[in-house]
Amino acid sequence: MRLVTGVNRGPKPTVYWCDRQGVMGRIALTEADADERMTWFTEGPGGPEPLWLWLNEMGLPFQPHSWNNVFTAANLRCRAVLDSEPERRLDPYRSLAPYATPHSCRHSFALYMLVILHHLMDQRFGLTPEERRDYRLLYGDPWRMVQDLLGHASLETTRERYLAPVADLQLRSLLATAPSSREGERPARQLDEVFARLAREAEGIQDIDTKLQVTSGAAV
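Under numbering that gives the first Met the number 0, the first residue of the sequence shown carries the number 0, and numbering increases by one thereafter.
FYI, nobody ran anything at the bench for these hints, they're computed from the structure.
Estimated spans, in silico, between C-beta atoms of each pair:
| no. | residue 1 | residue 2 | range |
| --- | --- | --- | --- |
| 1 | Ser153 | Pro63 | 20 to 26 Å |
| 2 | Arg8 | Glu48 | 20 to 26 Å |
| 3 | Thr127 | Ala152 | 31 to 37 Å |
| 4 | Cys104 | Ser83 | 24 to 30 Å |
| 5 | Glu35 | Gly150 | 15 to 21 Å |
| 6 | Thr29 | Pro128 | 39 to 45 Å |
From a predicted model like this one, the values you see are computed outputs, not experimental measurements. Ideal Cβ placement from N, Cα and C applies to all residues, glycine included.
Input sequences plus hints: build the corresponding full structure.
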């Protein structure tokens, strides 16, 4: 346990700490990995408190790899409730239960951002050809923007691993046939059908809304 005694907010933020033996030290914030950050505590009303955002049931830092167990437990609960028939559990095409992992959340973020960024460059948001050109010059192609958001060194990693299910789809044609937005409607709503079509036409994409609708209908 290291009690944080101060943080330098300069160009290169530095964390200063003191451990239980009174040994003092410091480390640049950008150089501190997860193991280092989980040792940081602050003095609270009832004693030292972790500075780590996610805590376990004992109030101690939650290990990053423990999220796999959280998702596994959630997947099992979904299967128990939504796939009560044993034969349905064995058939992924009949299963009503979603399956998620921490990494699949990252994939979902990549897919969502790719569609949104393509849509932002489309005329549906009222951008003129000149504005779309300026947008591309400032921020780059949507694929490369998603690459930067994910922190990939190679664009091929973004295309072939994270967005492989949509790499061969004509995303532009899907966006072109999406329902036009009505006055006062949020832009995200008109993309619901685009994501639903992607789930229907691309293997490996789950549409949670569709699964919930089927489950709700079956329960009624």
